[in-house]
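Enquirer: Spelled out from the first residue to the last, the chains are:
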Amino acid sequence: MKPSLSWLTDPEVFRVNQLPARSDHVHYADEQDLKSESEKLYQSLDGTWAFLWARNPKEREKDFFLMEYPDDRFRTIQVPGHVELQGYGRIQYINTMYPWEGHAALRPPQVDMSDDPVSSYVKWFDLEAPLIGKRVHIRFEGVEQAMYLYLNGTFIGYAEDSFTPSEFDLTDCIRPTGNKLAVEVYKRSKAAYFEDQDFFRFSGIFRSVRLYALPQAHVEDLWARPVLARGGQGRFSLELQFSYEPGFLGSVEVSLQDAEGLPVLNDRAEIDDSVSRLEFASRDIGAVHPWSDKTPYLYLLTVRIRDAAGRVVEIVPYRIGFRDIRIQNGVIKFNGKRLIIAGVNRHEWNAENGRAITVDDMRWDIETLRRNHINFVRTCHYPDQIAWYGLCDEAGICLMAETNLESHGSWQKMGTVEPSWNVPGSDPRWLRIVLDRARTNFETFKNHPSILFWSLGNESYAGECIKAMYDFFKDRDDSRLVHYEGVFHRPEYRPSISDVESQMYAPPSRVGQYMESDGTKPFILCEYMHCMGNSLGGMQYYDRLFDRYRSYHGGFIWDFIDQALFVTDDVTGERVLRYGGDFDDRPSDYEFSGDGLVFANRVEKPCMQEVRYYYGRRIR
Amino acid sequence: MDVVYGDVTLGVHGKDFDYIFSYQTGGPESFVAGGLEWLYRTPKPTFWRATTCNDRGSHFPHKASMWMGADMFIETTGVEVLVDDAPLTGFLAPDNSRLIGSGYEHPASVEVRYTYATTTVPSATVTVGYRVVRTGDVLVLVRYEGVPGLPELPAFGMRFVMPSLATGYDYRGLEGETYPDRMAGARRGTFSVSGVPLTPYLVPQECGMHMDTDFVIVSRTGTGDRTARLTFRRHDRRFAFSLLPYTALELENATHQEELPPARRTVLCVMGAVRGVGGIDSWGSDVEPAYRIPSDQDIVYSFVISPSQR
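Chains as they are written, first to last, in the working numbering: chain S, 34 to 653; chain W, 39 to 348.
It should be emphasised that the hints constitute simulated quantities derived from the structure, not laboratory data. Just so you know, even glycine gets a beta-carbon here, dropped at the ideal spot from N, CA and C. Among the clues, some could well be false.
As the list claims (entries may be wrong) - Reference excerpt, derived from the structure (chain S facing chain W, CB under 7 Å, subset only):
1. 563
2. 566
3. 599
4. 601
5. 603
6. 606
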């Protein structure tokens, strides 16, 4: 297939040769690999890459991906990372307005091709020994915002959706040594209309890149379905999908162990290369320890594939949890008790590296959340790095897992509702794109017990496309609730989108009004207590709503961490924090991204003790 | 205690203190305690706080900006002197000459009371009395007289600017930075703060308030590296204070931390009223009504400044 630049603005084309979204499990080659967690079937491509940057597609080096393109023309860049933080292009912070506001008059799906920076990345690599001779896939965890992939001069595929993994099969083009991987990343595409989050506008390969080899038989997808039934009884079922090298014959073993390593369940089935899907039917497993924010009890599921001779071919471990969330008589019940959300919205942020955060950053965040009795995080407004979800499973941080969708620039104009060209709206052109985003979010993270809600996105108004996203989640997953706030502006969609009544920044009195005049759905505040600068106060007015209304479930403070960047001050030579407008980025929303409970350098703001007090009263 | 009836000032001297109250600058011009001068300039009432993000979002400064001028410029309209709580007449030149060698020079107490008129339209009246007793303790009595027709106050208090940066302060009250609508989570206790920290909000703004305080002891380095202290303690009710290296207007003017000048002075505000910080949103919602400062009602409070070095 020949790649085309027209894909950037073609609503029909948003994934080309991309592998279907799948669960985020890690697979191991053998017992030793599992024990040492060496992940020897994986090969990281993070580090220094060769790099070229152009202001727009016209100025780019079109042939950079070819084997014969001269190496000495490249500069270098670090992966993962944003190119703007490494000296290429402008750093920009803007909230609602689309980033081209005042520079180009565009309507979806148009892109200003005179200002669409192109990052051309090249990585030369040899395959590590355990990967040689096997099927090899590549996973980009996050590339902003549209990417064309080439290997050894051959076009491999195309992907959008900056915040979910993009995977491709490299088997046909890969060789043991001397591989040239080339990625052409576009800062703007039609995806920009769906990725108008209130954040710094970056581009580039900002999350990890890994190759992984597939054993002769491989678990492509797993969907574990632990059920916490009445009386603390557990039920368990499992759905597996496989891929094989031709001719495989063997078996798959499934075991479930509790946290002490005691067996809870063992099962086994014969498989061969014709079995692409296998289901272990639901069965009772007796009393289980429930997973909750207070006791994040995890069971270890292990899937082992053996060949006909009984040798281990692949091992997939996954930690799962038994918990139950449902709406009963207008009240959200979490493991049978009224759900209390002592929550916060969290952007991924680091003042040095932007959204290219590290696991250490995540661990600090989790410790800070726990220490301050914050039990719930909304992943605003995109899926986070994969590691985050597992850390939340372990720590007992509940999640509202949001889909990568925010389009407020298409219907909010200077604070008024003006949806004349709202995306996605009810426009059938956008249906597949937003459904794909929902599907990828779901398929990737479906096994995490910490996720209690799926969220369709943020501030994207409402219409048939978002309704279809809601229907997708409801159809695929009956073990979680689905959240969306945007119906606030389109009451006719209230019955058909969102399981809960969600509002943002409602004053306490408006919450009371809803409760007393309507109150048919449980109520949550998906954003409240806007913590911009020195601005958190009056929490008691929200706190007392818990006592007044059973179906008030709390909310998510806006937000966890200030988004600001360290730069060296020209005048003093000191490292200082800068924000929107400081990079000659105009128009800008300036300090509007400084709304955290913690400063951009991960120091708690003084108001945290107040949050700790009110949240602690409710969740301890 | 010796009182010096000068031509331009009134001096009060005791074993451990030397104070000079000025008729010219409109307030105390010198407080020497522990061998150290504590006043950079004459303290005056303060009416402004560096606007918070929520203040700006709710357009509060547009309504209240008159108080910014009042904070910067204030007219002294009168001075009274009370000796042993009785009004003294004829303390200004040339009548003061008759007081030299009189029985008025060694009273049990002397109070200098200043009256100020704000530059707002309409103008409001503030009186501040400093009543000194033999121990050197100064009872500061502050009264804002409410006037109809003025915007809500961003703040009301007394601002003391000290000539150098404090080495730290100790206070008994609430832990951390507290405001009337954000103090439930604060532990009560005695806390020691090193240096004069400024909370590094992305855009410099009002910060560092401590509600419900019993006392604050400010420490500065005196002669020969000896630490000198000045204590501000409650008289009847507890007070709020902030101790920062900048005035509200210096903070207001900066858009980044690094634009603030080098920290060289100590700015202690002892507050009679503190506005809440709110939290509903940053684009229109005001703080809850209970945490606003109405300008048409009197604000009366008092505190004691003590030179004791113990």
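Enquirer: Look at each hint and say if it fits the structure.
Expert: Hints, verified against the model:
no. : hint : verdict
1   : 563  : holds (5 Å)
2   : 566  : holds (3 Å)
3   : 599  : violated (12 Å)
4   : 601  : violated (11 Å)
5   : 603  : violated (10 Å)
6   : 606  : violated (10 Å)
In this structure, the hints that do not hold are numbers 3, 4, 5 and 6, in rising order.
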